[in-house]
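S.K.: Construct the entire structure; sequences and hints are all you get.
Same order as they appear, the protein sequences are chains A and Z. Numbering follows numbering that gives the first Met the number 0, with no gaps: position 74 of the first sequence is 73. Numbering follows numbering that gives the first Met the number 0, with no gaps: position 15 of the second sequence is 14.
Source of the hints: derived by calculation from the structure; they are not laboratory data. Some clues are possibly wrong.
What the hints assert, rightly or not - Where chain Z lies over chain A, by a calculated footprint (3+ residues, C-beta under 8 Å):
1. 33–41
2. 68–80
3. 88–97
4. 229–235
What the hints assert, rightly or not - Every beta carbon over 10 Å from chain A, so not counted as near; a handful from chain Z, in silico:
5. T138
6. I141
7. A171
8. R173
9. P176
10. T219
11. K220
12. L231
13. L243
C-beta atoms are modelled at their ideal positions from N, C-alpha and C, and glycine is treated no differently.
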Amino acid sequence: MTNAWVVATIVAVIAGVVGFFVVLRGSAFPAHAIPNGAFAGAAGASLIGVNTLFGLGVFSVLAALGIGALGRRGRRDVVTALALVVMLALGAFFLSQTTEYEPEIFSLLFGEVLGIASNEILPVAGLGVACLATVAVLYRPLILSSVVPDIGEAKGVRAQRMEMAFLVVVALATTMTVPVVGALLIFSLMIGPPAAARSFTNRPPVAIALSVGIALATVWASIAISFETNWPIGFFVGTLSAFAYLAGRGWAAWRRTGAPRAVPSESRAPLVAY
Amino acid sequence: MHWIFESGFFSSHPVHVALFVGSLVAVVSAVVGVFTVMRGQSFAGHSLADVSTAGGSGAFLVNVNPLLGFVAGGVVGAGAMEMMGVRRARGRDLATGIVLGAAIGLAALFLYLGTTRSSTTGASQQILFGSIFEIDGSTVAIVAVFSVVCLVIMAAVQRPLLLSSVSTDMAAARGVPVRLVGLLYMLALALAVGLSSLAIGAILSTALLIGPAAVALRLTKRIGRAIVAACLTGVVSVALGVLLAYDSYDWNSSHAAWPVSFFIVVLIFLAYLATELPFARAAAARRRDDDPMVPAHGDR
Numbered sequence: 000m001t002n003a004w005v006v007a008t009i010v011a012v013i014a015g016v017v018g019f020f021v022v023l024r025g026s027a028f029p030a031h032a033i034p035n036g037a038f039a040g041a042a043g044a045s046l047i048g049v050n051t052l053f054g055l056g057v058f059s060v061l062a063a064l065g066i067g068a069l070g071r072r073g074r075r076d077v078v079t080a081l082a083l084v085v086m087l088a089l090g091a092f093f094l095s096q097t098t099e100y101e102p103e104i105f106s107l108l109f110g111e112v113l114g115i116a117s118n119e120i121l122p123v124a125g126l127g128v129a130c131l132a133t134v135a136v137l138y139r140p141l142i143l144s145s146v147v148p149d150i151g152e153a154k155g156v157r158a159q160r161m162e163m164a165f166l167v168v169v170a171l172a173t174t175m176t177v178p179v180v181g182a183l184l185i186f187s188l189m190i191g192p193p194a195a196a197r198s199f200t201n202r203p204p205v206a207i208a209l210s211v212g213i214a215l216a217t218v219w220a221s222i223a224i225s226f227e228t229n230w231p232i233g234f235f236v237g238t239l240s241a242f243a244y245l246a247g248r249g250w251a252a253w254r255r256t257g258a259p260r261a262v263p264s265e266s267r268a269p270l271v272a273y
Numbered sequence: 000m001h002w003i004f005e006s007g008f009f010s011s012h013p014v015h016v017a018l019f020v021g022s023l024v025a026v027v028s029a030v031v032g033v034f035t036v037m038r039g040q041s042f043a044g045h046s047l048a049d050v051s052t053a054g055g056s057g058a059f060l061v062n063v064n065p066l067l068g069f070v071a072g073g074v075v076g077a078g079a080m081e082m083m084g085v086r087r088a089r090g091r092d093l094a095t096g097i098v099l100g101a102a103i104g105l106a107a108l109f110l111y112l113g114t115t116r117s118s119t120t121g122a123s124q125q126i127l128f129g130s131i132f133e134i135d136g137s138t139v140a141i142v143a144v145f146s147v148v149c150l151v152i153m154a155a156v157q158r159p160l161l162l163s164s165v166s167t168d169m170a171a172a173r174g175v176p177v178r179l180v181g182l183l184y185m186l187a188l189a190l191a192v193g194l195s196s197l198a199i200g201a202i203l204s205t206a207l208l209i210g211p212a213a214v215a216l217r218l219t220k221r222i223g224r225a226i227v228a229a230c231l232t233g234v235v236s237v238a239l240g241v242l243l244a245y246d247s248y249d250w251n252s253s254h255a256a257w258p259v260s261f262f263i264v265v266l267i268f269l270a271y272l273a274t275e276l277p278f279a280r281a282a283a284a285r286r287r288d289d290d291p292m293v294p295a296h297g298d299r
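M.R.: As structure tokens, this is what we get:
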């Protein structure tokens, strides 16, 4: 049980931080596609008998690079959709060639946080640190190129390269989180809490901290309720994330109508000024 | 000939059904998909497959016809996305993502309850990946009816939809009820995606919705030609994919047939990559020069 808390906490921190940029850049679709692609990697790894984490890593990075490279010319959402279905089709192929027991697949898709072994913590923590370090290094140019790509280009921040680097960060985050919360639900965690946080504040550092806080609350509550009810943790992560977002939207709407109108809370000006 | 068409291909009933339903779904998806790609709503199109899957697994749980669940899930999901959706593209993606996340959570719950209560194994895999070779007769009829409904909606809103997809402002200025047209389109999208993910699985649903349309729109900017090209690409990929999957049964001694969705997706992806090739791009660019405007702006 302690393992579950430790790993879930790491996952929530990563999802909160990376998710802030996912929401800021409007990259919800790639953030959904990469974990799903990673799932195919896990299926492939189990087919040839190597470590699942390795398969997850290779496929999520491949998905990220593929989306980045093809997106240079094609429409980004189309390319993401195509990369996603190719990955899933590969996953279906791998599964058809194995005799994997179905609950294994279910847990890869929906997560199995309560079954984490002690020796699984270290790789997750290592990847997590790598992920956070990359975000820390990229922090300023990433924000610049996300919010005002033109000014970023003028200052020598290549939007295309930033996109590629960011997708790889998402891939890293995915690799470590998929075995824990599942391919489908890391996505909820990367969208709901950061989107909620952005409804409360426009200042990036505050929003990131808030996003991590909401993600932590979501995951901890989900584990506790899941443990009590024995229902899948994914259900609670998914619905609590959506509730967090709706609460944020409600708060923003209340601020707009209830608060004095002198403060244009919806304006993204503070971000740009940063 | 024998090594192309394995024996029994033309007389096999599952193959006939697969070809019929597959082509039908491919055509409906291609028609809707051209607009999905034009409007930049691939994410919504894909998400609705997962959302309707949640509806399907809910229906599975309470023992009603899964089709009802798929269609209801899709329509409710589309409505929620449209309601929450902010006008800007980023806000729309976010709203889609939130609906998708919640729906996946629900699907996880339904599948869990379904598998623990009825001990039916294979349900989650079946719902996620589907199989075009395992469609029963009643589904065929329903798919056909709903496909017609979907095509009728698309035919009815085609012109205003095209205008509002190219330029919302211009459409609004001409008195097109942009919101209503958008809602009807989302309804058609939800129907198309719900049907296809029930019949052939969520993966193929997205692949057939986005892939052929993306290929077609790279080759031509004229909407009529794009729709025809998308239909052709979709139907040919489905037919070839079914053939290859049928043949693959004999490719190795263990007779583990390769999944048909794998072949269809790979074929569609290859078609898309082919449009990236230099000569295809040059040809498309030449055609664009001859024909600089999409018909939406003219009054033909």
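S.K.: Check the non-interface label on A171(Z): least C-beta distance to chain A beyond 10 Å or not.
M.R.: holds, 22 Å
S.K.: Since I141(Z) was said not to touch the interface, does its Cβ keep a gap of more than 10 Å from each Cβ of chain A?
M.R.: Per Cβ check, I141(Z) is outside 10 Å of chain A; nearest 24 Å; holds.
S.K.: For the region 88–97 of chain A, do at least 3 residues have a Cβ located nearer than 8 Å to some Cβ of chain Z?
M.R.: Answer holds; 7 residues pass the 8 Å Cβ test.
S.K.: Are there at least three residues in the region 68–80 of chain A whose beta carbon sits under 8 Å from a beta carbon of chain Z?
M.R.: holds (count 8)
S.K.: A cut-off of 10 Å on Cβ-Cβ distance, and T138(Z) was said to be off the interface with chain A. Does that hold?
M.R.: At roughly 20 Å from the nearest Cβ of chain A, T138(Z) sits farther out than 10 Å, so the non-interface label holds.
S.K.: Regarding the assertion that K220(Z) does not contact chain A, is the least Cβ-Cβ distance greater than 10 Å?
M.R.: holds, 13 Å
S.K.: Non-interface claim for T219(Z): all C-beta distances to chain A beyond 10 Å?
M.R.: holds, 15 Å
S.K.: R173(Z) clear of chain A by more than 10 Å, beta carbon to beta carbon?
M.R.: At roughly 26 Å from the nearest Cβ of chain A, R173(Z) sits farther out than 10 Å, so the non-interface label holds.
S.K.: Using C-beta distances, would you say chain Z covers the region 229–235 of chain A, given that this needs three or more residues below 8 Å?
M.R.: holds (count 5)
S.K.: With a cut-off of 8 Å between beta carbons, are at least three residues of the region 33–41 of chain A near chain Z?
M.R.: violated (count 0)
S.K.: Taking C-beta pairs only, is L243(Z) more than 10 Å away from all of chain A?
M.R.: Fine: 12 Å to the nearest Cβ keeps L243(Z) off the interface.
S.K.: Beyond 10 Å from every Cβ of chain A: is that where the Cβ of L231(Z) lies?
M.R.: holds, 18 Å
The structure fails to meet hint 1 from the earlier list, while all remaining hints are met.
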